[in-house]
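Asks: As a plain string of letters, each chain reads:
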Amino acid sequence: MDLTLTPEEEAFRDEVRAFLDENLPQDANRADPGFVAEWQRKLRAKRWVGFSWPAEVGGGGGSIMQQAILKEEMARRKAPPLGSCFMGLTWVGPAIIAYGSEEQKQRFIPDILDGAYQWCTGYSEPDHGSDLGALQCKAVREGDEYVVNGQKIWTSIAMWSKWIILLVRTSQHADDKHQGITCLLVPMDTPGITVRPIKNMAGGAMFAEVFFDDVRVPVELRLGAEGEGWKVTITALAHERSGIAEVESLTRNLEALKRLAQKTTRGGRPASEDPGVRARIARFETRIQAMRMNGLRYLTKQLRGEPLGSETSVSKLLRAQLEVEMGDFAVEIQGAAGPLVEGAEAAADGGRWQKMALSWPEVVIGGGTPNIQKNIIAERILGLPKD
Amino acid sequence: MDLTLTPEEEAFRDEVRAFLDENLPQDANRADPGFVAEWQRKLRAKRWVGFSWPAEVGGGGGSIMQQAILKEEMARRKAPPLGSCFMGLTWVGPAIIAYGSEEQKQRFIPDILDGAYQWCTGYSEPDHGSDLGALQCKAVREGDEYVVNGQKIWTSIAMWSKWIILLVRTSQHADDKHQGITCLLVPMDTPGITVRPIKNMAGGAMFAEVFFDDVRVPVELRLGAEGEGWKVTITALAHERSGIAEVESLTRNLEALKRLAQKTTRGGRPASEDPGVRARIARFETRIQAMRMNGLRYLTKQLRGEPLGSETSVSKLLRAQLEVEMGDFAVEIQGAAGPLVEGAEAAADGGRWQKMALSWPEVVIGGGTPNIQKNIIAERILGLPKD
Amino acid sequence: MDFGFTEEQELLRSEVRKYLDAKCPLEQVRAISEAEGGAGFSPELWKEIAELGWLGLCVPEVHGGAGLGQVDLVVLLEETGRSLFPSPLLATSLAVAALREAGSEEQQARWLPSLADGTAIGSPALQEDADPPTPERVSLVGTPDGDGFVLRGEKRFVPDAGAATLFVVPFRAGSELALAVVERDAAGVSLEAWPGMDLTKRLGRLVLDGVRVGPDAVLAERGDAVFERIVDRATAGLTAEIVGAADGAVVLTAEYAKDRIQFGSPIGRYQGVKHPLAEMYVDVESSKSLLYYAAWALDESPAEAPRYVSMAKAYASEAFARIGIDAVQLHGAVGYTWEFDAHLYLKRSKWARPMYGDSDFHYERVAALGGL
Amino acid sequence: MDFGFTEEQELLRSEVRKYLDAKCPLEQVRAISEAEGGAGFSPELWKEIAELGWLGLCVPEVHGGAGLGQVDLVVLLEETGRSLFPSPLLATSLAVAALREAGSEEQQARWLPSLADGTAIGSPALQEDADPPTPERVSLVGTPDGDGFVLRGEKRFVPDAGAATLFVVPFRAGSELALAVVERDAAGVSLEAWPGMDLTKRLGRLVLDGVRVGPDAVLAERGDAVFERIVDRATAGLTAEIVGAADGAVVLTAEYAKDRIQFGSPIGRYQGVKHPLAEMYVDVESSKSLLYYAAWALDESPAEAPRYVSMAKAYASEAFARIGIDAVQLHGAVGYTWEFDAHLYLKRSKWARPMYGDSDFHYERVAALGGL
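Those sequence lines, one after another, are chains A, B, C and D.
For the first sequence, position 281 matches number 281 in this note's numbering, and the numbering has no gaps at all.
Numbering-wise, this note's numbering comes out as the position in the second sequence, counting from 1, plus 387.
Numbering-wise, this note's numbering comes out as the position in the third sequence, counting from 1, plus 774.
Numbering-wise, this note's numbering comes out as the position in the fourth sequence, counting from 1, plus 1146.
One chain only, chain A, in its complex shape:
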C-alpha cells in the first residue's frame, strides 16, 4: 500500500496543475461560451481530450492512473468538462474505437474530440427501464437501409444532439433476449425522428423522449455486426469510471454545506454549532471519503490489471444516497427559508440547495435506481439468487 504518487505521476500532476494555473484562473467565467471554447481547444492541443484513447485515433494514450490524476485535478479546480461532447467521449467513442470500421473512425472520432457537435444515446425504452434485453424499438433491413420504428425515453440532451447511438431489435431470439440487438449511428435530422423534451420536477428539461417513424438508416451506419449491439454497448458500459471525479463534486457541495451551516442561524446561533448538525455533516464527509477511498481501491484493481466487476454499483448507490440526503438536509437546516427558491429575498445561496433537492433524480436515474443497484450487489457480488 502506497498512497503517494510515483515521481512520474507527480511530474504529470505538476504538469496538469501548471496548465490549470495558467489557463484556468480562479475567477474565470466557466459559463462564458467563448472561454469554454478556447479552453477546449487548449485541452485538445494537449491531447487531454480522449486522454485514454490510443494515439492513432487522436487520443492521448494516457494510463489509467494519469487519467485519474487528470480528472481529479480538473474537478478540484472546477474546470469545465474535459471535452464538450460528453456522451461521445463516454459512450460513443470507445464503442467506435472497439467496433467501428476504419471509415467510421475517421468520420466520427475527430469530431468527438473537437466537440464539434453533441451525441445522445438511445438505450432506454418505456416500460423496460434499464432492462435492455426487453428492447422493442425495431429495425427491418430493406436493401441497403434499416427502417427503424419505435420509441426511446430518458435520452439525455436529445434536443441538442446531432447524432444518436441507437440500439434496435433486428430479430427475436426466445432463448437469449440479448441476441438480435443491433447498434446504429443515426443523424438526428433524419426524417421521421421526433424529439419531445421531458420537463423535470425542478422545472427544467435534461431528458427527452425520441420517436422513430419509418426512419431510414444506411447500412454503413451500423456499428459492429448485425445482432452484435449488446456486445457493443457492454464495451461502452465497461468504460465507466471509478467515480473519483464525482467525489470531487460531492466534496465541493460538502464544503458549501459547511459554509451554509456556519451562516445559517438556529435560535440565534450558527447551525454549525448544533451537535446534531455537526454529526450529520461529519457523516456526509465520512461517506464521501469512503466513496473516494473505494474509488482508489477499485482504481488500484484496474491498475493491477484485474477487471472491475459490479463494484461500480457500490459507488453509484453511495452517490445516489448522498445526493438525495445532502440536498434534503441542506434545505432542512434553513428552517422556514428551506422551501424558498431563487428570487426569494430570504433564499440562501440563490436557491442552489433547493435546486439540488429537486434534481437528484438526474443522478439517481443515470445508472439505474438504488433498488437496481442493490439487486446487482446482492446477486452479482454476494451471489444471492435472482428474483
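Keep in mind that the hints were calculated from the coordinates and are not lab data.
Fair warning: there could be bad hints in the mix.
Derived lysine-lysine pairs resembling DSS-like cross-links, with alpha carbons at most 27 Å apart [said to hold, decoys possible]:
(1) A:K177 <-> C:K1032
(2) B:K586 <-> D:K1404
(3) B:K564 <-> D:K1404
(4) D:K1169 <-> B:K586
(5) A:K231 <-> A:K78
(6) B:K773 <-> A:K386
(7) C:K1032 <-> A:K199
(8) A:K301 <-> D:K1164
(9) A:K386 <-> D:K1404
(10) D:K1404 <-> B:K773
(11) B:K773 <-> C:K1032
(12) A:K199 <-> C:K797
(13) A:K386 <-> C:K1032
(14) C:K797 <-> B:K688
Go by the hints and put chains B, C and D onto chain A.
Replies: Chains B, C and D only, in chain A's frame:
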C-alpha cells in the same frame, strides 16, 4: 370523538383501581409464587380471569371496553398476568369455547381459568415458519385414535406444559393447502412426545422443539371436525388484542430509560442533557404514544362492531421495532459499560438493558418477523400483489 | 371512550372529498398554482367553499359560522391536504383560531363574519425569522401612540402574504406580548410574495412601516401563553394538512405500484417496493392517531395538548419528508417528471417540514414536557 | 499510487485465515469463550500464534519481532476479527503500540521481547470511566516518591484484565500526563474481571492500591499528544477487528439466505433480504476503505491520521451495530438461538461500539477536524 370514559366505564375503572389498591401493594413481591397464587385466586373469584368469556362457561362476560380498561390498569400497576395459564387464556380457551364439545368445555375451561396447569401451542414447524398452510406434522386415523408423527418448533413453554393444542395434517388437498388440517388436544405426557428446549442468545430458554413419534391421541380429543383445524386456529388468532397492554410495558421501559439517561454521565454531564439523547428518547415516546393511539382507534372500531383486519400488523411492527431499538439505545448510551451484564460492578440497573437487547426476538418472533408484517400490510391493506 | 369520528364528521369528510375530487383534482391544482402571476388560489372556488361553510367551520354561529371544533377542522384540513388544494384556507382558519383564542366578543364580531363568508382572507404573521415561532422570538416593538401603538418592522414567512387581507401580528407592548389585527389596506402596510418550491403554498413578507393600530385592533388576551396556544392550534391545523397529503402520496404510490409492469410483473410485487410502502402506511396511521388525539386535547384536555401537538407535528412532518422522497423514488424515473404527480407531494413535504417548528424543535419540546 | 495490499500482506492474510479456520472455527471459539472460569483464551493457541509471529508482528526485529507496520497489523486483526478469535491479541498489540510510541529504547528492550514471544500479555488501561479515553479524562494522580511515583486509584474497562500481565497506565505526573508500565504481580495491584455479553472479549478493573513505579517504568514520551497517538492506534486496531467481524457476519448471513428455503424458494430471493444484505456489503466495503487509509496514514501521513481514524471507527462501529442486529433478524427465528452463530457477531458489535469512543464521539471529532 370522546376520549373520556362514560360514567359506567369510570365506575368499572374505579372498581379495578380499588381492587388493585387493596390487593396489590406497590412493594408486593410479584415474583413470590405464594403471592401470585393468592392473587390469581382473588382475580378468579372476581371473574376477571377469562373476563370476556361468556358467563355460562365461567367467564366474566365483560365488554371489550371493560376488558381494555382492566388490562390497562393491570399493566400500569405491573400486576402479575390476569391468569397464570397464558396460552390457555389466549389461544386454547377461545377455540374450545367456539368449537369444543360440551364435554371438552367442562373438562378444560375451568382448569384454564384456575391456571391449574399450562398449555402450549403446536403450530410452527421447521422450514415453514408461520406458513401454516405448508404444515407437515401428520396424523393418521386408526380406529378411535389418531397416530401423530412429525415435529413442531418455537413452541413456547412446552417444557412446562401439561397439554398442547396441536395442528396436524390429516389429508392432502392440492388446491387448498389449508384444507386437511385438524386440531387435536394432546397431553404432553403421552408416550412418543419428546421436548427439546431451544437455548436463546441471552442464555435462557423459552421456546422448545417438540417431536411426535407414533403418538396416539383418542378421537374425542379432536377439537372441531376433521379438516377444520385451520378455521379453529383462525378463531384463536382473531382473539388477538389491540396491543394496549403492550404499550404499558413499553411505557414502563421508557420511563426507566429516562431515569437511566439521567443517571448515566457522558463527558461528566448527565446523558439526559445531550440534545441527541433527548431527541431519541422523545422519538421513542412519540412512537409509543402512536401505538397507544392506534390501539385506541382499533378498539373503537371493535366497539363499533367493525371487524379488525390486518391492523394488528401495524402494532406488531411498531412494537418489534421499538423493542429492538430501545434495547439497543439503552445499551448504547451507557458507553463502555454498555456490554457489561448482571454481575459486573459497572453494569447499570443490574444488566436489565443488556437482557432486553438480547431478548427482543421473543417479541419479534411471536407474531411473525417484521418482514412478514410488512408483507401483510402491503398486501392485505394496500392491496399490492402477492409475491 | 370513543376514538372515532361522529357520523356528522364522516359526512363532512366525504362531502369535502367529493367536492375537491370534482372541482379541484390534481390537474386543476396545477392549473391554479402554476398560473403566471396568480396569487395561488381560485377566487371562484374560494367563493364556493365559503358558501359550503368551510371557512366558517370554527366560527361561532353568532358570527356566521358553524361553531364546530378542532376535530372537525382536522377532518376538513386532512381532505384539503390530501387534495393539495391550493388556497388560503389553512391560513384563514388559523386567523380564525387566533381571534377566538385572543379576541374579545366585539373583536370577534368585527372580523369573524367576513372571514367566515370569504370576503376577508386571514393569515397569522407569527414569525420574524426562519426559526419556529416562540414568544421569545417576537421582537417587533409597538411604540405607544396615544391609546394605541405604532408598529414598525417586518414579519417574514407569512403564509399567503400575497392573498391575505387581514393579518394577526404579535408585537411587544412594553413588557408584554400582544397581538394586533392589521388589515392589508392600512397605511404603511406593504407585502411581498416570495417564490417557493411548493407552488400550492405561498409565503411572503409583511412590512409594517409605521402602521398605527388602535386599541380596538389590539386583541384582548395577551401574553406568552395565548401566543403559544395560537401556535399550537396553527401547528395542529398544519399537521392535519400534512397527514392528508401524506396519505394521498401513499395512495398514489400504491396505485402506481399495482399498475406499473416491469420485468413482467407489477413493481408492487417486489419487497423492495412493498416494504417501503408498508412503512409509509404505518407512519401515516400513526400520524393520524397522534393528530386526532392532539386535536381532541386542544378542545377538551388543554393541559395535555402541547405535548401531543408536538408529537403529532414532529412525527408527521418527519414521516412526510421521507414519504415525499420515497414516493418519487418508488415511481422510478417518471417520478421525477413534472408530468407525474409524485413531486407535488415532495414539494409540499418540504414546505410543511419547518412550518411552526421542525421535528428537532418539537421533539425537544416533547422531551422537556416529558420530564427530561 | 497503490491502494492495495502487497503480496506479503496477502500471504499473511491467507495464512492467518487458514490457521484460524483450522484451529479456531466457531465451535472452538465457543468452547474457549464459554469455558467455566476460563480467562477467555486458549494458552495453547496463544503459544502457537506467538510462534507464528503474530504477537511480534509490529515489534522491531531487534526486540524479537517482525518489525512490520500498521497496515500489516490491520491485515492480521481483520482476520482475527472475522474469526471472532478469543484471545488477548488485540490488547497485546495495543500495548506494543504504546511502548513503541512512548517507550525509550531501553524500555522497549525490556518489555517488547516478552510481548512478542507470548510470555507476557499486554493491555492498555486507558480509561477510568465509561467515557472515551481523552487526556482530560485521566485523573489518576501519581504522587512523587523519590525518583518515581506511587499510583493509587483504579482503571476501568481494561481489556483482558483477567488475562493480562502487563498494563500501560496513564496518570497525572504534576501538570503532565505520563504513562507507566505496571506488572500484574507488583505489590498493590489487584484485578477484577467483569462479566459481559460478548464472551469472546473481556473487560475488567485494575486497582492500584499504592503501586510504586520507578523511573524506569515511566515511559519516556509524555503529554497529551502521545496519549492521543496511542488511542488512535488502539482505535485503528479495534476497527480492524470490527471490519473483519462485520465481513464475517455478512458472509454468514448471505450463505444462510442462499440455503434457507421458505415458501418454496431461498429467502435470499426476496428483496426484503437482498436489499439489507446489499447495504451491509456497501457498509463493509466502505469501512474497509476508510480503515486501510487510516492505517496507512498512521505510519506514513500522521497529520491526516486522526481524522481518518475517527471516520473509520465512527462509520465501521455504527455499521457493525446495524449489521449485528440485521444478521440476527435476517436469520428469522433461528437467528435468535444460542446454537446459530449470528448472535456472536451481534454481541461483538455491542462490545466494540463504545470502545475508544462511539460514533457520536468520533463524528464530533471529524466535524471539528473538518473545520466546523
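Asks: Are the Cα positions of K386 (chain A) and K1032 (chain C) separated by 27 Å at most?
Replies: holds (21 Å)
Asks: Decide if the proposed pair is consistent with the structure: K797 (chain C) and K688 (chain B), CA atoms, cutoff 27 Å inclusive.
Replies: violated (32 Å)
Asks: Tell me if the straight-line CA distance from K773 (chain B) to K386 (chain A) falls inside 27 Å.
Replies: holds (17 Å)
Asks: Can the restraint linking K773 (chain B) and K1032 (chain C) be considered satisfied, given a maximum Cα separation of 27 Å?
Replies: holds (11 Å)
Asks: Would you check the hint for K1169 (chain D) and K586 (chain B), treating anything up to 27 Å between C-alpha atoms as holding?
Replies: holds (26 Å)
Asks: Keeping to a limit of 27 Å between CA atoms, is the pair of K231 (chain A) and K78 (chain A) held or broken?
Replies: violated (35 Å)
Asks: Sort out whether K1032 (chain C) lies within 27 Å of K177 (chain A), counting only the CA atoms.
Replies: Judged against 27 Å, a Cα distance of about 26 Å means the pair holds.
Asks: Does K564 (chain B) pair with K1404 (chain D) here, judged by a C-alpha cut-off of 27 Å?
Replies: The given pair, whose Cα atoms are some 25 Å apart, holds under the 27 Å limit.
Asks: Take the C-alpha atoms of K301 (chain A) and K1164 (chain D), compute the straight-line distance between them, and say whether it is at most 27 Å.
Replies: holds (24 Å)
Asks: Keeping to a limit of 27 Å between CA atoms, is the pair of K386 (chain A) and K1404 (chain D) held or broken?
Replies: Holds, at roughly 11 Å.
Asks: Is K1032 (chain C) within 27 Å of K199 (chain A), Cα to Cα?
Replies: Roughly 25 Å separates the two Cα atoms, so the pair holds.
Asks: Quickly compare the C-alpha distance for K586 (chain B) and K1404 (chain D) to 27 Å and report which way the hint goes.
Replies: holds (25 Å)
Consistency with the previously given hints fails for numbers 5, 14, ordered from lowest to highest.
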